[in-house]
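Once you have looked at the hints, place chain B on chain A.
The listed protein sequences correspond, in order, to chains A and B. FYI, in our numbering the residues of the first sequence are 3 to 232. FYI, in our numbering the residues of the second sequence are 296 to 493.
No lab work stands behind these hints, which were simulated from the structure alone. All figures in this text were calculated on a predicted structure; none of them were measured in a lab. From the three backbone atoms N, C-alpha and C, an ideal C-beta is built for every residue, glycine too. Careful, some of the hints might be misleading.
Derived DEER-like restraints, expressed as beta-carbon distance ranges [said to hold, decoys possible]:
#	chain 1	residue 1	chain 2	residue 2	range
1	B	436	A	32	33 to 41 Å
2	A	211	B	362	51 to 59 Å
3	A	33	B	297	25 to 33 Å
4	A	204	B	356	47 to 55 Å
5	A	13	B	352	41 to 49 Å
6	B	434	A	155	41 to 49 Å
Pairs of lysine to any residue residues, derived as SDA-like cross-links and limited to a Cα-Cα distance of at most 20 Å, are as follows [as the list claims (entries may be wrong)]:
#	chain 1	residue 1	chain 2	residue 2
7	B	378	A	211
8	B	378	B	431
9	B	378	A	75
10	B	378	A	55
11	B	378	B	488
12	B	378	A	71
13	B	378	A	74
14	B	378	A	51
15	B	423	B	398
16	B	423	B	381
17	B	378	B	472
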Amino acid sequence: MTRWLTARLVEARDETPTARTLRFEVPGWPGHLPGQHVDVRLTAEDGYTARRSYSLASATGVELTVQRVAGGEVSPYLTRDLRPGDLVELRGPVGGWFVWRAADPAPVLLVAGGAGIVPLMSMIRARRAAGVSTPFRLVYSLRSPAELYYAAELLDPPAGLEVSLVHTRRTPPGHARPAGRLTAADLGPYGEADCFVCGPSGYVEAAADLLLGLGHDPARIRTERFGPTG
Amino acid sequence: MTIFSRGFRGRSRGDDRLPPGQYLTEDFPVLSAGPTPRVPLDRWEFTVDTETGQVHRWTWPELMALPYETPTVDIHCVTSWSKLGTRWRGVSLDVLFEQVETSAEYALVYSYGGYTTNLPLEDLLDGKAWIAYRFDDEELAPRHGGPARLLVPHLYFWKSAKWVRGIRLLAEDWPGFWESAGYHNYGDPWREQRYADD
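Bound conformation, chain A alone (with noise of 0.2 Å):
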């Protein structure tokens, strides 16, 4: 894992306005657990460098999801800067904690804040390529429907996976649930399960204390808080 690995950009494409998802070729890519992350590292002409970590979104590959933080110094570059053919370093996988394993049969609830999507959509897939029936719940906690990421895969979601939008501030025609914060009604009632939680880090705060306060185990809530990575 100490390597660099050279990547090399096949695919870039938005999942929102201000959200790119990044196919990269890398040779000697060990491969991943659903939940790891990367660490990118660009290098400028004068030698200068900067890193940032990333979720991985895919199962197999790499394939990482990227929000543009306004005024950041590496994501405006890799939602518009950077075209196929283009190279960067990564390394890793990295995090052995926040990650889901096929061969775990437990009911899965994931419970996403923006952005924070994009390391349970791996475990999602990764649910899916392995072909396994275990049962997943996913909420969603979004502004708008246009902030909606991998909207063609959730909103028409395999047998076995239940997918739960929360628009927290404009919801899209026809949808029951009105617009409002994250409540324990959306995330309950559900049985005992491993919980994943991933979004900023108010989110992820406010998340957890209603997964305890519906008497899910603190032991089975695993989290990971987005700061802000520019």
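Chain B alone, transformed into the frame defined by chain A:
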């Protein structure tokens, strides 16, 4: 061979307070692995237990009664952010260890909520570490480790255990939570010791 990223210029250069690979943040991001434990002060305690089985214990009022220091320090998270000039209030571990007799070389720090982290005992002594309970002139918020956290700023910040509950002194090194999950055993930001094999 250096791999250049076409057209990347980057921003900040040449702040010698920043360890390699770090960038500045004005914010105070949070990194933790599970829900935030809530520890009522009337049940809070901090313990040091030695390799010979001696247990030293402080309640919250006892900790508050000890002389404190107000370190202003730079902190460096392994996820690459650094924050400069953070202001804390806490009790130096030198004060707590005045009454502890030990020949142990290693410390395993443990927290409410089950987190652990390990470091050599010498990295906790001689003015290098505090049990901190105020940040920026305010009570330390639960999400930042309150009521009290370890502050050991010369190592990556995961060593500064939030919700600290005690220190176990050991003759042999015992890897903690992140140290068992692929992160470096020591974690010196100036030598960029992020991952196990750095």
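Structure-based check of all given hints:
Under the hint 33 to 41 Å, the C-beta atoms of residue 436 of chain B and residue 32 of chain A, about 39 Å apart, fit the expected range. Between residue 211 of chain A and residue 362 of chain B the beta carbon distance is about 35 Å. The supplied range of 51 to 59 Å is therefore violated. The hint said 25 to 33 Å for the Cβ distance between residue 33 of chain A and residue 297 of chain B, and at roughly 26 Å that hint holds. For residue 204 of chain A paired with residue 356 of chain B, a C-beta distance near 32 Å fails the hint of 47 to 55 Å.
Our hint of 41 to 49 Å for residue 13 of chain A and residue 352 of chain B is violated, since their Cβ atoms are close to 59 Å apart. With their beta carbons about 44 Å apart, residue 434 of chain B and residue 155 of chain A fall inside the hinted range of 41 to 49 Å. Of the supplied pair hints, the one linking residue 378 of chain B and residue 211 of chain A is violated, its CA atoms being roughly 27 Å apart against a limit of 20 Å. A threshold of 20 Å between alpha carbons decides the hint, and for residue 378 of chain B with residue 431 of chain B the separation of about 13 Å falls inside it, so the pair holds.
Between residue 378 of chain B and residue 75 of chain A the alpha-carbon distance is near 16 Å, which keeps this suggested pair within the 20 Å criterion. A distance of roughly 17 Å separates the Cα atoms of residue 378 of chain B and residue 55 of chain A; the hinted pair therefore holds under the 20 Å criterion. A distance of roughly 18 Å separates the Cα atoms of residue 378 of chain B and residue 488 of chain B; the hinted pair therefore holds under the 20 Å criterion. The straight-line distance between the Cα atoms of residue 378 of chain B and residue 71 of chain A is roughly 19 Å, inside the 20 Å bound, and the hint therefore holds.
With a CA separation close to 16 Å, the supplied pair residue 378 of chain B and residue 74 of chain A stays within the 20 Å bound. A hinted pair counts as satisfied when its Cα atoms are at most 20 Å apart, and residue 378 of chain B with residue 51 of chain A qualifies at roughly 19 Å. Between the alpha carbons of residue 423 of chain B and residue 398 of chain B the distance comes to roughly 19 Å, so the proposed pair stays at or under 20 Å and holds. Under the criterion of a C-alpha separation no larger than 20 Å, the hint pairing residue 423 of chain B with residue 381 of chain B is consistent with the structure, at around 15 Å.
As the CA atoms of residue 378 of chain B and residue 472 of chain B are separated by approximately 23 Å, the hinted pair breaks the 20 Å bound.
Of the hints listed earlier, those the structure fails to meet are numbers 2, 4, 5, 7 and 17, in rising order.
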